[in-house]
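Residue numbers (numbering that gives the first Met the number 0): 0 to 364.
Keep in mind the hints are simulated off the structure, nothing from the lab.
Take these hints with a grain of salt, some might be off.
No farther apart than 30 Å at their CA atoms in a straight line, the calculated lysine-lysine pairs in the DSS-like style are these [claimed, not checked]:
1. K272 - K243
2. K306 - K190
3. K190 - K135
4. K168 - K135
5. K306 - K272
6. K243 - K135
7. K306 - K243
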Amino acid sequence: MLANRSGKRIAGNLTEWPDLDPAISESGDIAIGNRSDAYARGTLISEDLQLLVAHEQPERSFLLARVSLVFLLGGAVFVGCTALFAQIASARVRDRVRRVSDAFRRHDEPALDRMAAPRNPDEIDQIASQASQAVKRARQLTQAYRDMSEQIAHEIRTPLMHLDTRIMKAIARQPDQSTTAELLEARADIKRLVGTLEALLDIAASKADRGDWKGMNPVDFSSTVRQICELYQDSAEDAGYHLKWEIAEDVIVLGDEAQLRRIVTNLLDNAFKYNRSGGDITVSLQPGPRLSVVDQGPGIPAAEREKVFERFYRGTTAASGTQGSGMGLALARAIAQRHGLFLGICDDEGGARFVLTPGEGSECV
Numbered sequence: 000m001l002a003n004r005s006g007k008r009i010a011g012n013l014t015e016w017p018d019l020d021p022a023i024s025e026s027g028d029i030a031i032g033n034r035s036d037a038y039a040r041g042t043l044i045s046e047d048l049q050l051l052v053a054h055e056q057p058e059r060s061f062l063l064a065r066v067s068l069v070f071l072l073g074g075a076v077f078v079g080c081t082a083l084f085a086q087i088a089s090a091r092v093r094d095r096v097r098r099v100s101d102a103f104r105r106h107d108e109p110a111l112d113r114m115a116a117p118r119n120p121d122e123i124d125q126i127a128s129q130a131s132q133a134v135k136r137a138r139q140l141t142q143a144y145r146d147m148s149e150q151i152a153h154e155i156r157t158p159l160m161h162l163d164t165r166i167m168k169a170i171a172r173q174p175d176q177s178t179t180a181e182l183l184e185a186r187a188d189i190k191r192l193v194g195t196l197e198a199l200l201d202i203a204a205s206k207a208d209r210g211d212w213k214g215m216n217p218v219d220f221s222s223t224v225r226q227i228c229e230l231y232q233d234s235a236e237d238a239g240y241h242l243k244w245e246i247a248e249d250v251i252v253l254g255d256e257a258q259l260r261r262i263v264t265n266l267l268d269n270a271f272k273y274n275r276s277g278g279d280i281t282v283s284l285q286p287g288p289r290l291s292v293v294d295q296g297p298g299i300p301a302a303e304r305e306k307v308f309e310r311f312y313r314g315t316t317a318a319s320g321t322q323g324s325g326m327g328l329a330l331a332r333a334i335a336q337r338h339g340l341f342l343g344i345c346d347d348e349g350g351a352r353f354v355l356t357p358g359e360g361s362e363c364v
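Taking the hints into account, I'd like the entire structure generated from these sequences.
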């Protein structure tokens with residue numbers, strides 16, 4: 000709007016001068032009619048002329064919506080990128096931890112060697128390196144212990160076997176009856192001593208290998224237990240016992256078959272040794288695995304149920320003439336623990352019931 004000094008319109012599409020002072024080029028919001036608002040500035044262009052310029056305000060809600068959408072999309076992209084980066088970093092860390100765990104679990108020597116001397120060590124590599132060095136050190140100590148034990152066993156076993164040979168030669172010369180009986184008793188003592196020595200070595204080896212699954216293979220435990228029961232059948236009849244078994248099919252156990260056989264034979268030997276005359280011996284195998292060997296002997300008091308698994312311990316219910324060194328059950332439990340199994344004693348009416356179950360403990364001890 001072009002107006003004279005008094006504000007009278009000369010030209011333009013506005014009809015009246017608003018309350019703006021053109022002398023100071025005042026600006027502000029003005030009303031255009033009854034519905035529209037505009038932003039205007041009044042300016043004095045000469046002593047007799049003044050100019051008013053105004054424009055309507057844009058729709059701010061649309062602009063705010065666009066700005067909000069941009070910020071929302073930008074925030075979503077930022078959060079998504081952050082989450083993706085976190086997932087990638089987490090996956091890398093999990094993969095590294097998994098490889099370290101697999102190397103320790105599988106005893107992968109090359110992997111352990113690589114962890115012991117990482118190229119670009121970070122916190123995880125430092126922990127893995129220290130753990131690897133500790134494992135290698137423990138293995139060296141264990142191997143040194145085994146070598147020393149085997150050497151000691153060899154040094155003891157060899158003269159004992161020579162002594163046994165000399166006794167055999169003395170018996171072959173047919174001495175008198177009393178001398179022969181003493182020599183045979185000496186031979187039995189030698190065999191018992193050698194058996195005790197070998198059992199001690201087996202217990203130590205089983206405890207040293209506990210948690211090490213290297214060399215383990217799936218074993219058909221059902222077939223193994225059945226074969227052992229069939230082998231003991233004739234011995235049971237000769238001893239006046241009734242041996243019976245109930246074996247589920249396809250019970251598979253990851254382990255060493257020879258050692259698993261040792262568990263079953265030791266339990267049967269113990270049942271044969273302490274069973275009452277003419278008593279039953281029952282062997283049961285169920286999936287799990289859950290193996291039980293039950294006899295009808297004097298049983299084992301609750302206070303002694305852990306002690307019988309200690310080396311050289313013989314229960315108070317054992318007869319004075321019962322032969323044994325107290326190593327059979329200790330060896331059986333050590334082998335069971337080597338395979339992640341637990342050997343315990345459960346209550347049974349009129350006898351002992353030994354139960355082999357998975358895990359570190361049993362509901363009955």
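The hints, checked one at a time:
Annotation: proposed proximity of K272 to K243 holds, straight-line Cα distance about 17 Å (limit 30 Å). For the proposed pair K306 and K190, the alpha carbon gap of about 25 Å is at most 30 Å, so the pair holds. Between K190 and K135 the CA atoms are separated by roughly 37 Å; this puts the pair beyond 30 Å, and the hint is violated. Only pairs whose Cα atoms come within 30 Å are accepted, and K168 paired with K135 is rejected, the gap being roughly 49 Å.
About 18 Å separates the Cα atoms of K306 and K272, which keeps this hinted pair within 30 Å; it holds. With a C-alpha separation of about 48 Å, the suggested pair K243 and K135 falls outside the 30 Å cut-off, and the hint is violated. Taken as a hint, the K306 and K243 pair is honoured in the structure, with Cα atoms around 28 Å apart against an allowance of 30 Å.
Checked against the numbered hints given earlier, this structure breaks hints 3, 4 and 6; the rest are met.
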